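Enquirer: For the protein sequence lines, the chains are Y and W, in the order given. FYI, my numbering numbers position 305 of the first sequence as 301, with every residue one higher than the one before it. FYI, my numbering numbers position 225 of the second sequence as 221, with every residue one higher than the one before it.
These are computed hints drawn from the structure, not numbers from a lab. All of these numbers come straight from a predicted model, not from anything done at the bench. Hints should not be assumed to be uniformly reliable.
A pair counts as met if it fits within one copy or between any two copies, since identical chains are not told apart.
No farther apart than 35 angstroms at their CA atoms in a straight line, the calculated lysine-lysine pairs in the DSBU-like style are these [stated by the list, open to error]:
id, residue 1, residue 2
1, K429, K293
2, K454, K292
3, K429, K210
4, K454, K199
5, K429, K199
6, K210, K454
7, K429, K387
8, K293, K454
9, K429, K196
10, K196, K454
11, K293, K196
12, K429, K386
There are 2 protein chains.
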Amino acid sequence: MYDRLTKYLPIFDWGRDYNRETLSNDLIAAVIVTIMLIPQSLAYALLAGLPPEAGIYASIVPIILYAMFGTSRALAVGPVAVVSLMTAAAIGQIAETGTMGYAIAALTLAFLSGAILLIMGVFRLGFLANFLSHPVIAGFITASGILIAASQLKHILGISSHGHSLVDVVWTLLQNLGDTNVITLVIGVSATAFLFWVRKGLKPRLRALGLGPKLAEVLTKAGPVAAVLVTTLAAWAFGLDAWGVDVVGQVPQSLPPLTVPSFEPDLIAQLFVPALLISIIGFVESISVAQTLAAKKRQRIDPDQELIGLGAANIGAAFTGGYPVTGGFARSVVNYDAGAETPAAGAYTAVGLAIAAVALTPLVFYLPKATLAATIVVAVLSLVDFSILKKTWNYSRADFFAVAATILLTLTFGVETGVSAGVILSIGLHLYKTSRPHVAEVGLVPGTQHFRNVLRHKVETDDTLLTLRVDESLYFVNARFLEDLIQDRTAKGSPIRNVVLMCSAVNEIDFSALESLEAINLRLTELEIGLHLSEVKGPVMDRLRNSHFLQHLNGRVFQAQYDAWQALVPAAKAV
Amino acid sequence: MYDRLTKYLPIFDWGRDYNRETLSNDLIAAVIVTIMLIPQSLAYALLAGLPPEAGIYASIVPIILYAMFGTSRALAVGPVAVVSLMTAAAIGQIAETGTMGYAIAALTLAFLSGAILLIMGVFRLGFLANFLSHPVIAGFITASGILIAASQLKHILGISSHGHSLVDVVWTLLQNLGDTNVITLVIGVSATAFLFWVRKGLKPRLRALGLGPKLAEVLTKAGPVAAVLVTTLAAWAFGLDAWGVDVVGQVPQSLPPLTVPSFEPDLIAQLFVPALLISIIGFVESISVAQTLAAKKRQRIDPDQELIGLGAANIGAAFTGGYPVTGGFARSVVNYDAGAETPAAGAYTAVGLAIAAVALTPLVFYLPKATLAATIVVAVLSLVDFSILKKTWNYSRADFFAVAATILLTLTFGVETGVSAGVILSIGLHLYKTSRPHVAEVGLVPGTQHFRNVLRHKVETDDTLLTLRVDESLYFVNARFLEDLIQDRTAKGSPIRNVVLMCSAVNEIDFSALESLEAINLRLTELEIGLHLSEVKGPVMDRLRNSHFLQHLNGRVFQAQYDAWQALVPAAKAV
């Protein structure tokens, strides 16, 4: 009973051992994460096309719900770059940025994606995330990083651009280039340069000053806060908003409001596929962060329970003025490095952000959007990594092709097309490969009982015996292939009297393949050639016994290929 | 050069050996097939919702084009039951039966499906047809047979019904049951009963009278012609059309007209998916008929060239007043049994049908539609075969599930949903199975060098050595699975010092799986456990050599599992 409770509500697990020391560790982590999250949340809301407070709201209730239902101890849930971009892409087709419809569509998207995650969790469908191959994810993240960075250039230049593909964004940007606001440009470029320096130059310097690696890491992550403080002060002191510098402006001072997503069937139909893609991408990002951090402390993550935790977080976002959220890489790593020991750290962060939402929002009035854009650009460019192209090119052309297509399609047609095409291509290429399996003719390695490919090894063979090792499960996609192959190999005039199918690599024989085997058996029987099987695996043999195939088979089933060799080759000598 | 010519225009292959004997054999077959095709073509046009002459036209030019480009010597191309039903389902959503728009949509559908087949042929994509598993095809044909029979009941009762699902058809039929025309019912029921008797009772009787099996077969196939003659004469003699019996009526006396399909983008967008499904289903039906007949004479069929032949036939149909066609089972078997030796028999059939179209159409004025419906019902009920449910239930639940879903969805939502769901389910179930592969811990079969599952066989093992045989290719869908499994098996306190992955059943390691193997290697290295591979296949090893994995691997790669056993188990003795 208690076990089941802790399984579905992990809070009862770690809550038992909570003590003063864990409390103080969690509190310190929460303060650090809160400070880092304020500018980040504002920036991602901007990226998603939502008012800045939506980013703060999306970080409060979702964190608490994840702390109750999730299994990772260090994961920090909230808005993240890729999901924010996907949100903008999904809603941009339905409503205008800044309208009420846009905000409601964002709530609905969060609700749908929460519902999808919850359902996947309850039905234990976490394995569906495996259908995204590692290279496709890497390609997608890289392309998204480029798209996000390009989309932020408008804020750094102080002009406007739009579109969901790289070409659209860059083209509209170039058209408006003449309107560039020089002061905005100075702020944007210097903030970007500063943040790059913090990332690349500050950390080694801090280490050289004798700081520990974790502290150096945390201070480095505070770079955006410094940039925000300095540029906000400058904008306030010089009244830069009057000079055309876009600032965040009025942000309501309020706890997250109670909001209700729309349940209009048309809207739900339009948002369903984007919500599904956001759920899967969000889940994959979150689970890989959670597993990386858990492995460091030898903790376990339950993927199906993670789905429930993320589902609850998104539904929470839908009812409290947020938008789709997931476990973020940067915020989780800071949380972990700052010493968070339990999900309670997340709850304290939520309290910190709630205080910020009520008390601190007037302070960001003069925060230039160019600074927020700079923090996004620097954060996402670290996601861009083209080395996956080289790695896959060297290792496997099919993987390379899937990555290259994912990157190209994401840049050309946007995130939804890109990620869908990546999944379909991965599966399609896999099926294509299995439809033309590798089949080796094998012979006996002299002095052993081991059989290998006649083309690669020096082996003994016999003219009357054809032994084929099919390197694939036999199923409908390749059922006809084997039929054709054996027909070709046993053409008129061949001395072959026995064919052995060595089934060591055949992990399944489905009904289509069974029918093909029966056809092969019939044809070989007419030709007075024996058909035998060897090294059939237990589960495959169990299934064959349920059919009539073994009664019809004109030859035998040998446990080991060596047994077949001894029985069918008259001159064979025992080793 | 000549080889290439005969490859793409097989007519130059068989045309060379054409002589007086082949000519007379082909002519006899053509006469028989022509007589059989006249009522069948009218009936299928009715099923497709088109005017009766469309069925005749669809049998003329397409036959000739297939004879030029196709590779089967006995295949007869023209309207078939399932494709006619799919045509009605596709166009029924776009236009009203009997309108000009409906006929033009039929031409466009034929053109699109011809273009798809041609493109598949040129790019040698014939393997795509393999993605339909045998059980899914069997289920789809069975469900289509039921749908077709149900759709013809209206003609037998002389009332109206419509819809694309079984429920719709039966429901609208029941609503109009009160309007049943008794004379139509008598004609329809007696024609149906007669045709069933011909099929079940006549053939054995003819054989008992001493007729050869082929002649008996051909005479049996002439049953529909007899029914057509008798009921047409009766309708003419008694003026039954005045009594409310629906007859075929005026059919234009003309050669196939020159028609042009529509190239309107909207229409093409609407018809593209139906055309794709029709192409694939038509191709699968045609290729299986062609291969069955070719195997009997040890001839070869080239699937990719077949695509070109069928594509040309469909484009021909689009420009000559037809609708989508394919190689039909019944007509091809009659052609074969009647002695056709070359595709020229098809061309002669086309001439016969052209003569019929010009000269004989007035004779079918009084042909009752109920008779045509009876020929369809009897023909398609022979397609209905639920035994596939039992066979797959016994053999493999996944296959059973795919068939059952295909049948149910086809009956409930129509042909397009049914066949799409069948394909998606087959692929989905296959991926699901491979995502949780069978993994066996293996040990040495005493006295041999052979290793089998410790749970199924009496084998020798060693506490410090864990040998796992993964019965599946390692790829993105199951990459994480192995990571989790090995982590569980090498938990704290286990005596295991070495892990061997026996890769005899691993046919591929893709990039995602490679990353997982690297993660496993890293984790085991930390635990001071050796990771080794054995029996890695040539193609897999080639690829691993292109990566850095083999340098990082903390253990060795053994050619045979027995080598690993000897090297890693101190107490191992040579056999």
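Enquirer: Now tell me, hint by hint, if it's right for this structure.
Expert: Hints, one by one, checked against the model:
1. Proximity of K429 and K293 under a CA criterion of 35 angstroms is satisfied inter-copy only: 32 angstroms between copies versus 39 angstroms inside one chain copy.
2. Proximity of K454 and K292 under a CA criterion of 35 angstroms is satisfied in neither setting, with 47 angstroms inside one chain copy and 40 angstroms between copies.
3. For the identical chains of this complex, K429 and K210 are neighbours neither inside a copy (46 angstroms) nor across copies (43 angstroms), given an alpha-carbon limit of 35 angstroms.
4. In this assembly of identical chains, the alpha carbons of K454 and K199 never lie at most 35 angstroms apart, being 58 angstroms within a copy and 60 angstroms across copies at closest.
5. In this assembly of identical chains, the alpha carbons of K429 and K199 never lie at most 35 angstroms apart, being 46 angstroms within a copy and 47 angstroms across copies at closest.
6. In this assembly of identical chains, K210 and K454 lie within 35 angstroms of each other by CA distance neither inside one copy nor across copies; the values are 57 angstroms within and 54 angstroms between.
7. Proximity of K429 to K387 under the C-alpha cut-off of 35 angstroms is found in both arrangements, the shortest distances being 20 angstroms within a copy and 29 angstroms between copies.
8. Taking CA atoms no more than 35 angstroms apart as the test, K293 paired with K454 passes in neither setting, with 49 angstroms inside one copy and 40 angstroms between copies.
9. Proximity of K429 and K196 under a CA criterion of 35 angstroms is satisfied in neither setting, with 43 angstroms inside one chain copy and 46 angstroms between copies.
10. Proximity of K196 to K454 under the C-alpha cut-off of 35 angstroms is found in neither arrangement, the shortest distances being 55 angstroms within a copy and 60 angstroms between copies.
11. Taking the closest pair of Cα atoms, K293 and K196 come within 35 angstroms of each other only inside a single copy of the chain (27 angstroms); across copies the shortest separation is 75 angstroms, beyond that limit.
12. For the identical chains of this complex, K429 and K386 are neighbours both inside a copy (21 angstroms) and across copies (31 angstroms), given an alpha-carbon limit of 35 angstroms.
Going through the hint list in order, the structure does not satisfy hints 2, 3, 4, 5, 6, 8, 9 and 10.
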